[in-house]
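**Student:** Starting from the known structure of chain B, fit chain H onto it as the hints suggest.
There are 2 protein chains.
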Amino acid sequence: MGSLNGRHEAVIAVDAMGGDFAPEEVLKGAVQAHRRGIKVVIVGPVDTVERHLEALGERLPVVNAEDAVPMDEPVAQALRRRESSLQVAANLVLAGDADGVVSCGNSGAIMAITLTAWGRQPGIDRPAFGGNLPVRDGSAFVLDIGANTSSKASNLVQYAIMGDVYVRIARGVDNPRVALLSNGTEDSKGTKAVREANEALQKLDLNFIGNIEGNQVFEGAADVVVTDGFTGNVLLKGSEGVAMEMLRLIRNELSSDVVAKLAGAVMMPAFQRVRRRVDFEEYGGVPVLGVDGVMINCHGRSTAKAVTNAICLAERVVCENLVDQIGEALHHDGVERSNRRRRLARAFRLRHQ
Amino acid sequence: MGSLNGRHEAVIAVDAMGGDFAPEEVLKGAVQAHRRGIKVVIVGPVDTVERHLEALGERLPVVNAEDAVPMDEPVAQALRRRESSLQVAANLVLAGDADGVVSCGNSGAIMAITLTAWGRQPGIDRPAFGGNLPVRDGSAFVLDIGANTSSKASNLVQYAIMGDVYVRIARGVDNPRVALLSNGTEDSKGTKAVREANEALQKLDLNFIGNIEGNQVFEGAADVVVTDGFTGNVLLKGSEGVAMEMLRLIRNELSSDVVAKLAGAVMMPAFQRVRRRVDFEEYGGVPVLGVDGVMINCHGRSTAKAVTNAICLAERVVCENLVDQIGEALHHDGVERSNRRRRLARAFRLRHQ
Numbered sequence: 016m017g018s019l020n021g022r023h024e025a026v027i028a029v030d031a032m033g034g035d036f037a038p039e040e041v042l043k044g045a046v047q048a049h050r051r052g053i054k055v056v057i058v059g060p061v062d063t064v065e066r067h068l069e070a071l072g073e074r075l076p077v078v079n080a081e082d083a084v085p086m087d088e089p090v091a092q093a094l095r096r097r098e099s100s101l102q103v104a105a106n107l108v109l110a111g112d113a114d115g116v117v118s119c120g121n122s123g124a125i126m127a128i129t130l131t132a133w134g135r136q137p138g139i140d141r142p143a144f145g146g147n148l149p150v151r152d153g154s155a156f157v158l159d160i161g162a163n164t165s166s167k168a169s170n171l172v173q174y175a176i177m178g179d180v181y182v183r184i185a186r187g188v189d190n191p192r193v194a195l196l197s198n199g200t201e202d203s204k205g206t207k208a209v210r211e212a213n214e215a216l217q218k219l220d221l222n223f224i225g226n227i228e229g230n231q232v233f234e235g236a237a238d239v240v241v242t243d244g245f246t247g248n249v250l251l252k253g254s255e256g257v258a259m260e261m262l263r264l265i266r267n268e269l270s271s272d273v274v275a276k277l278a279g280a281v282m283m284p285a286f287q288r289v290r291r292r293v294d295f296e297e298y299g300g301v302p303v304l305g306v307d308g309v310m311i312n313c314h315g316r317s318t319a320k321a322v323t324n325a326i327c328l329a330e331r332v333v334c335e336n337l338v339d340q341i342g343e344a345l346h347h348d349g350v351e352r353s354n355r356r357r358r359l360a361r362a363f364r365l366r367h368q
Numbered sequence: 016m017g018s019l020n021g022r023h024e025a026v027i028a029v030d031a032m033g034g035d036f037a038p039e040e041v042l043k044g045a046v047q048a049h050r051r052g053i054k055v056v057i058v059g060p061v062d063t064v065e066r067h068l069e070a071l072g073e074r075l076p077v078v079n080a081e082d083a084v085p086m087d088e089p090v091a092q093a094l095r096r097r098e099s100s101l102q103v104a105a106n107l108v109l110a111g112d113a114d115g116v117v118s119c120g121n122s123g124a125i126m127a128i129t130l131t132a133w134g135r136q137p138g139i140d141r142p143a144f145g146g147n148l149p150v151r152d153g154s155a156f157v158l159d160i161g162a163n164t165s166s167k168a169s170n171l172v173q174y175a176i177m178g179d180v181y182v183r184i185a186r187g188v189d190n191p192r193v194a195l196l197s198n199g200t201e202d203s204k205g206t207k208a209v210r211e212a213n214e215a216l217q218k219l220d221l222n223f224i225g226n227i228e229g230n231q232v233f234e235g236a237a238d239v240v241v242t243d244g245f246t247g248n249v250l251l252k253g254s255e256g257v258a259m260e261m262l263r264l265i266r267n268e269l270s271s272d273v274v275a276k277l278a279g280a281v282m283m284p285a286f287q288r289v290r291r292r293v294d295f296e297e298y299g300g301v302p303v304l305g306v307d308g309v310m311i312n313c314h315g316r317s318t319a320k321a322v323t324n325a326i327c328l329a330e331r332v333v334c335e336n337l338v339d340q341i342g343e344a345l346h347h348d349g350v351e352r353s354n355r356r357r358r359l360a361r362a363f364r365l366r367h368q
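Sequences listed follow chains B and H, in order. My numbering runs 15 ahead of the 1-based position in the first sequence. My numbering runs 15 ahead of the 1-based position in the second sequence.
Where chains are identical, the list cannot tell them apart; a pair therefore holds if satisfied intra-copy or between any two copies.
Below 25 Å or equal to it, Euclidean Cα-Cα: the simulated BS3-like pairs (lysine-lysine) are:
no., residue 1, residue 2
1, LYS54, LYS320
2, LYS167, LYS207
3, LYS218, LYS204
4, LYS167, LYS204
5, LYS207, LYS218
These are calculated hints, taken from the structure and not from any lab test. This structure is a prediction, so every number in the text was calculated from the model and none was measured.
Next up, chain B with everything else stripped away, as it sits in the complex (with noise of 0.2 Å):
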């Protein structure tokens, strides 16, 4: 389908030094992405980094960075740092060298410099973080989960055609259903941004299924859950909180007596299932939507596993050329791709150094 695909392979760029596990868990599922088959090129500190690949038994190519952006660090100072190897890993897909990038570093600081190497796409005004929560029978993809505090609603408008090509491309969902977070069902209910989206976004193109209620989302009711950095932020991490608080509530329940401790312990199979379906590590890290390029970002706390899921995911959405359908549907007749062709001229010679 896309550019790329069928042509050469797609390289990601693996920023070493993003996360609180970095480099150890980073490189560990670098190398697992590539044992998968997957070009990475791995960013950071050289000596570093090699010590490391060569403790796991692997060589890969490796560019140098010096510097790397502390996880609670400002934006403003992050950006200034401008041989992080987050900073590198950017500067990588914008001379062509690598086609996308994955970091489990600070989200803040990947806003912001994929915003400035890279820049918005065209006709996206404001780029989001997607988010997977995990659903009733599948999980659901929320966007923005906090890069916005507000937002208007041609930004909601946006977010919902963003949505709607990523879950397509990224689980490949036929035809998406696009649905508004609000306070209810009704087209009346919410800010006046939401309900002015729901307006707009009920004469385009797409399965919009119009408002939801927070428990709907977890109901399993739509694929695509559009809403404001803020609401977003607090629907994530609510629900997060809940889960874990109600695993630590049914730990605290199956130690309370000996027959519960040995119906627990029958049971733990099933008790590590259902964790599994609530733990961000299965769900292999978030995009940078609206950006003009490929950037996946980890959970600070991602473990190898997490890791190789999000380089998995960051090649698959490369091949499928994301920005490109995202450009697609924004403009249905396919103008706007004035960078395509920087992003399609490639150097080749990370690859065989």
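**Tutor:** Showing chain H alone in chain B's frame:
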């Protein structure tokens, strides 16, 4: 403490016709509350109500109201039903024949009718719905959970003051930790209204602990969580959704094979305890705060137990003079109590009819 306490008993008007299980469950709940020593007056169609009461083996004072507000009726229409049980109950308070109202009816109508009948409490620009969320080792009182879709900083500050007083009275918490719900803990995080409210709350005589995120709500970080009605509704419904889906997952796991079924049977009491922890029934209704009177709104699906709890709650907040205490907290010097005398001007004719 309050002006009613120790002087005479509070009378709670119960809207017999609000809720999905009205009038049966409502009347059972009212009878239970009466048997716990609380003075109630039932408002509804006198024949129907008395027939039910007879079946329950109890005589209670009844005020006739032939009409009722349907659960899904638009507010404008509901307001035109001058003889609805809800309207008549609100009028009883206005006339001094009751001190508070409990209804499981249509929330929109409840807010509109109390606001029209009683007016706003002086010093409050917008009334709010408060709600209890089960959290680690207790519950958090969240407001607004749906009265106002958007809120200015001044509204959020008023919610904080009302929530602080309510939690002291209704839950007996000494120095409630008050927090603003935001998308980050830093003071700089959140919408413009949240940032401004944060600044204002730091100057007040409250135990204000700053911003908290969604997960922290469920970790029990605060006793009072302040937010706008849109976000509060999403948090509440979303957390209900997660809890219900997790219970569903666990139930499915428990019936997956014979061993799990056996273990599940042994553990049923433990699960019931978990389920009870996340069940709104235990929490017995949410107050309308900021109107000039006491109104407790129960969930539409409330059964007798929730109604009884709500009546007990209404009696407590009446006896502790919720409205006056909020007025005092708002003004420190105790001014703005123009309606106090009216509320205290009690008529006793119902009681002994």
